[in-house]
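Trainee: Sequence:
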Amino acid sequence: MDSNSEVSISSPVTRFAPSPSGHLHVGGARTALFCWAFAKGRGGKFVIRIEDTDQKRSSDAASVGFLKDLEWLGIRWDEGPVYGAPDGSNVGGGPHGPYFQSERLDIYNHHIQRLLDAGTAYEAWDTTEELEAFRKESLARKEAFRYRSRGEISAEQRAAFVAEGRSAVIRFRAAITPVTIPDEVLGYTVLPAGEVDDFVIRKKDGFPTYHFAVVVDDELMRVTHVFRAQEHFTNTAKHVLLQDALGFRRPVYGHLSIIKNPDDSKMSKRDKDKVLRKAVKERALTAPPQDTVSVEQWTEWLASDNVQLSLDAAIKLAEALGVQLPEINVDDFRRSGYLPEVICNFLALNGWSPGGDVEKFDNAFLQERFGLDRVLKTAAKFDRVKLLAFNTDAMNAMPHDVFVQRCRAHAEIFRPEFLAILDAAKFTLLMKATHERSKTLDEPFKGNMFLLESDESLPFKDDKSVRKALGIGAVREEGVKSGLEHLVAIRAIFEGCTWEHAAIEHAAHEYANAHAAGKIGNVAQPLRVAASGTTVSPPIWDTLILVGKTGVLRRIERCVQWAESLH
RNA sequence: GGCCCCAUCGUCUAGCCCGGUCUAGGACACCUCCCUUUCACGGAGGUAACAGGGGUUCAAAUCCCCUUGGGGUCACCA
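Per the numbering used here, the very first residue in the first sequence carries number 1; after that it's consecutive.
DSSO-like mimics (lysine-lysine), calculated; alpha carbons at most 30 Å apart, straight line:
#, residue 1, residue 2
1, K266, K377
2, K439, K461
3, K461, K549
4, K446, K381
5, K316, K439
6, K278, K381
7, K278, K386
DEER-style ranges, computed between Cβ atoms:
#, residue 1, residue 2, range
8, G65, Q367, 19 to 29 Å
9, D373, G65, 33 to 43 Å
10, G548, R335, 28 to 38 Å
11, E137, F161, 19 to 29 Å
Since the hints were made in silico from the structure, they are not lab data. Where is the CB? At the ideal position from N, CA and C, for every residue including glycine.
Please model the entire structure based on the sequences and the hints provided.
Mentor: Laid out in structure tokens, this is it:
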């Protein structure tokens, strides 16, 4: 670390600066987590800024939906957009706003004018077609295209352009000299002279480009440490040049490795779109499937890779096409029942480790220990299987009452239909019956959909294990009752049975001792099929109580009928 | 293609900066066994890696070079 960073380390300011989005993807979440942990662990501040300088990706209220995801992960910001957290507290605000770049145009223009006055920026009048032609030329010569000033134009020429209705962009005059990219993770590297071209700093529409806005805002918002994805590595050269031209301080940089999909591609918020585009292409569809997206949306979407479908639209289209959208957003994992503290823990392990054999830790530990010195340079694959294992461990370690409370909170948002049919006693029983076998907060519900079915419509699954349990198609053994026969017999016993755990279990064991050679499994499995439709359910007596006495009796009847109809 | 970055079990990683303690440690996955009324959980074992080639050195996973492989980036997107 140089002396500059040691001064600022006493009270660092980090920032997370995404473009507007309704959802936070895991890569962004990890970046935010590291920025937050670094600043908060050192008594500093964590700032959020919205980089909405692209008018084509217009912003509305839903554009900062990702704030909800951050808050859910336990990542709160000291400065940034104001957000009302679920617990009633307000997050955000601050003295260096506005925190939306689209509201800071005057500020950017002021600094662009300084560059213009100094001659380190200039107007460029090239049309898109002209630029494209340049690029093609470069490509033909197998070179990368680097824009350079094409010389001053006369006042008459300029006036002619204006009269023609043309408008100019402002470009930065980049010195042709080697540029050192400062980076505390990858190490300092020197970019050869000429690699940085005269890049655009103000677009035709008057908005600054990302490069310019970032540099101005990081300075004005007193940002001391910039941690961002490695895809920005080369951009940093541009930012360094701009800082020098503007007379700004230089933050400490740290570029984080990207997170990859299992297939080695970069994990990106566009992955959902990619899956859909591929499916559309493979099927050579020319129009949107019924009840998915409008023709306008469809056309606009397919016209450009930069246009992304809204999440709702994407889900509908995925259903219509029968493809599975990848889980990449924090909210996808929340819906699947993952715990926020586990996601943070797991994310932190992708690209950082505290050393030794320590793997499980919380955000407080992260704050205390996180530093750039242990950030990995290599890209990591996001391993959902290990995430699940971590989640399972956390679920098992959870006190039962906490488990119940968190499942209820999950159900209120994602599984309200269970809350509607289960009274307090049954909800508690379901929780007791599912806790130790649940890997996520969603499993008590997802795995017990049979509870939602009416007794008259519960479907029975026709597969090998069901057939085996009921004895369908099996060779009759002399003196041994089939599962179906057990069902009929025990139904009669259940009719007179008090519907309590002990009574049911006692009756069943008594029956098994008398008629199934004491093998309770021979009775339990057919009952499970009758009550749930499959051979998988929570412990059998709990399952029976959950379904209810009338339900069980009726379901046994229907199960027997169904089985007989199979022959 | 130009430029830049990276490289330890299938995966996430410890070790590397400060060469010997590494016949390379942990976790997830996988395999075997145990537990078990289903599915899970749990318990006990096991398979499994320093990309390749050159150096430097008494000694290299650790330092240097090359090759190969992977990634990023080359927009009036961020």
